[in-house]
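Sequences listed follow chains A and B, in order.
Going by our numbering, the first residue of the first sequence is number 1, and it counts up by one from there.
Going by our numbering, the first residue of the second sequence is number 290, and it counts up by one from there.
Because the hints were derived from the structure by calculation, they are not lab data.
All of these numbers come straight from a predicted model, not from anything done at the bench.
Possibly wrong hints are sitting among the right ones.
[To be verified] Computed Cβ-Cβ distance ranges for the label pairs, DEER-style:
1. Pro-261/A to Tyr-583/B: 34 to 44 Å
2. Val-479/B to Ser-123/A: 55 to 65 Å
3. Val-67/A to Ile-585/B: 33 to 43 Å
4. Ile-412/B to Gly-59/A: 51 to 61 Å
5. Phe-270/A to Leu-464/B: 36 to 46 Å
6. Glu-586/B to Pro-261/A: 37 to 47 Å
[What the hints assert, rightly or not] Chain B regions said to be covered by chain A (calculated; three or more residues, Cβ under 8 Å):
7. 414-424
8. 434-440
9. 543-553
[What the hints assert, rightly or not] Some but not every residue of chain A turned toward chain B, in silico, with C-beta under 7 Å:
10. Phe-87
11. Leu-94
12. Thr-95
13. Val-98
14. Ile-106
15. Ala-108
16. Val-225
17. Leu-228
18. Val-232
19. Ser-265
20. Thr-266
21. Tyr-269
22. Leu-276
23. Pro-280
Even for Gly, the Cβ is constructed at its ideal location relative to N, Cα and C.
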Amino acid sequence: MARFLTETIGTLSDAGSLFVVAAGLTLVFGAMRVINLAHGTFYMYGAFAVTTFAGTASGLRFWVAVVVAALVVAALGAVVQLGVVRFVVGKEPLTQLVATFAVLYILADVALHLWGSGARSVSAPLGVSGTFTLAGAYLPVYDLVIIGTAVLVGLVLWLLLSHTSLGWMIRAAVDDPELLQSGGVNLRRLHLAVFATGALLAALAGAIVTPQISVAPGMDQSIIVSSLLVVVIGGLGSVVGTAFAALIIGIADTVGTLVDPTWASTFMYFAVILVLVVRPWGLFGAPER
Amino acid sequence: MARTTSSDAAVVAALGVPAPAAPGSFASRLGRAAVLVAFVALVVMLGLTLAPANALELQYAVSLTLFAVATNLILGFGGLVSFGQGVFYGVGAYTVALGWMHHSLSFTEAMVLAPFFGAAAAIPLGMLALRTRRLYFSLLTLTLSQLAYVIAENQTNLTGGTNGVFGAMVPSWLLDPHTSFLFTVAIVAVAIAILWKIVHSPFGLVLRAIRDNRERVEALGVNVYAHELVAFVISAFFCSLAGSLFVVYSQSSYPEILNWTASGVPVFMAVIGGMYSFFGPVVGAFVYEFASHYLIEYTQDWQLVIGVVLLAIVLLRPDGLAGSLGSLRAWLRRRRPPVDGAPAAAAAAPESGGGPS
Chain A
1 MARFLTETIG TLSDAGSLFV VAAGLTLVFG AMRVINLAHG TFYMYGAFAV
51 TTFAGTASGL RFWVAVVVAA LVVAALGAVV QLGVVRFVVG KEPLTQLVAT
101 FAVLYILADV ALHLWGSGAR SVSAPLGVSG TFTLAGAYLP VYDLVIIGTA
151 VLVGLVLWLL LSHTSLGWMI RAAVDDPELL QSGGVNLRRL HLAVFATGAL
201 LAALAGAIVT PQISVAPGMD QSIIVSSLLV VVIGGLGSVV GTAFAALIIG
251 IADTVGTLVD PTWASTFMYF AVILVLVVRP WGLFGAPER
Chain B
290 MARTTSSDAA VVAALGVPAP AAPGSFASRL GRAAVLVAFV ALVVMLGLTL
340 APANALELQY AVSLTLFAVA TNLILGFGGL VSFGQGVFYG VGAYTVALGW
390 MHHSLSFTEA MVLAPFFGAA AAIPLGMLAL RTRRLYFSLL TLTLSQLAYV
440 IAENQTNLTG GTNGVFGAMV PSWLLDPHTS FLFTVAIVAV AIAILWKIVH
490 SPFGLVLRAI RDNRERVEAL GVNVYAHELV AFVISAFFCS LAGSLFVVYS
540 QSSYPEILNW TASGVPVFMA VIGGMYSFFG PVVGAFVYEF ASHYLIEYTQ
590 DWQLVIGVVL LAIVLLRPDG LAGSLGSLRA WLRRRRPPVD GAPAAAAAAP
640 ESGGGPS
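Construct the complete structure from the given sequences, taking the supplied hints into account.
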């Protein structure tokens, strides 16, 4: 039972941070039909920014650093949108993939200049560090912070998309951008807001996981693969699908580690292949027209 | 295969596709052949006179041209954006390396088998990937590439794990940089010639027709899926051959050659050089490889420079350097007084006042 609890909480925590990153990716795709390979870059920037802003002190300053990091990276996202992404909206997938990969390359080098090539770490702030005991299992308190953040992000996104005018504009932008524009909505500004929000979510995830990981170059390339797996399983553009898919990936990873560590990291790929064989457009996605 | 080809010819006739650039007049064919021979001669001469280290670098670039052209068979001519060709490149490299490590294959045997292993792997992977279209196809092939990477990295007993396989797997007669350079050039030249034949065959034309208008080709009774799968397998065959040449160059094989960024490299080469031109990816491979190799000597920021180049091309010149060359030629032709018999004469006529037609 204790073992089960430990694994469950760990899995939920991993799935939670993955959901927050992937939600940003799927939000951008849903509203703009752009797949952003530089999305993981925002995650890495969020994490590095926290190591800069939080310093060694680990109290209130950590939380301030998380918020500041997310906002700064959202601004960076706006710059990327204005400088590159708005030119590839509506273009071929190849153009979008190459252009956003170029952004990944460029920002990876910029990150090397800003933070160097070594690994950095941040300790969990007081109050949420250490472990607590439940049914004989020692569980990291910080896992609850990540799970809480993911649930909060999920709720806010759901409310935003289904209960606000911004939400219906985003959905309308996909179905009929021209009609939306003729209705007086500034599509460019809408895209800017969505893309910056996507970057913010990635950065928030990167920032919030810093106490549990070592922050180093290369994070951008590995997290984008996991988030792509998530959005492909969930169905591109579906936030609900993303939540389910993040759980599937998290469980696949945990089960893999328990069954056979040498094959563990392949389980999530097989999960993706299995889903796509059955539903090539993902669990909650729609077939491409 | 014979049946497919004959029906392809019929489809080409039905589509009314203009004849490929291949035939042309005897003079233009001779001219094109002369340019090709001169280019190969130049590369060979360079390889023989360069310092060993530079010859080795040139050899690597030459082997990458095959990787790029093979990838472009499905990318530029088939319209299939695969971020997974690194899988087959890796199969080729690991066939030679593991054949040596587990003492089961000689170098020659492994070199011969490598492309067939790649093609064999491409049959199930292609059947899987081609269930999806467009963006999902790109993302699924990217996933397959990353899966192959993870397997190569974690199955330490089989593949040597993260460090890969290093050792004297290349026979001693191939160790001299100039010999291995000539060996690579010879194999790449033959392989690219075969790919050129395929692209300009009825099969290649139908492939392009599928890229441009899938529904119409389907309506003509063509089995689109079969054509795409065959193209995928042929591409994998030559990607694996390029991968086996990587071992000749580096005498090693390691997981990084098959992850998703490695799979992206031939795509970027094709985009830089121009994916709608057969030789565009060759140019792209040279540009990409020399840029990254020489930039690394001068600056830490080679990724930044290549990123900017990629951005500039994809945003400003989507048809790559080859496309730019084409528009440059058209521009020159318009400025020059029309040469007798040149097709440009007709285009130039209206501008020069328009004589009697």
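(message) Does the closest beta carbon of chain B sit nearer than 7 Å to the beta carbon of Ala-108/A?
(response) Status holds, d = 6 Å.
(request) Let me know if the C-beta of Thr-95/A comes in closer than 7 Å to any C-beta of chain B, holds or violated. (result) holds (6 Å)
(request) Under 7 Å, Cβ to Cβ, is where Leu-94/A needs to be relative to chain B, so tell me if that hint holds or is violated. (result) Interface hint status for Leu-94/A: holds (5 Å vs cutoff 7 Å).
(message) Tell me if the interface restraint on Tyr-269/A is satisfied: Cβ within less than 7 Å of some Cβ in chain B.
(response) With a closest approach of 4 Å, the Tyr-269/A hint holds.
(request) Given the range 34 to 44 Å, decide if the beta-carbon distance of Pro-261/A to Tyr-583/B lies inside it. (result) holds (42 Å)
(request) Quick one: see if chain A covers the stretch 414-424 of chain B, three-plus residues with Cβ-Cβ under 8 Å. (result) Since 6 is at least three, the answer is holds.
(message) A closest beta-carbon separation below 7 Å is what the hint needs, so does Val-232/A meet it against chain B?
(response) holds (5 Å)
(message) Given Phe-87/A as an interface hint, is its Cβ closer than 7 Å to any Cβ of chain B?
(response) holds (5 Å)
(message) Just to make sure I understand the rule, a stretch counts as covered if three or more of its residues have a C-beta closer than 8 Å to a C-beta of the chain. Does the stretch 543-553 of chain B meet that for chain A?
(response) holds (count 3)
(request) With chain B as the partner, please determine if Leu-228/A meets the hint condition of a C-beta pair closer than 7 Å. (result) The hint holds - Leu-228/A has a Cβ within 7 Å of chain B, the shortest such distance being about 6 Å.
(request) Against chain B, run the beta carbon of Val-98/A and see if the smallest gap drops under 7 Å. (result) holds (5 Å)
(request) Grab the minimum C-beta distance from Ser-265/A to chain B and call the hint holds if it beats 7 Å, violated otherwise. (result) holds (5 Å)
In this structure, none of the earlier numbered hints is contradicted; all agree with it.
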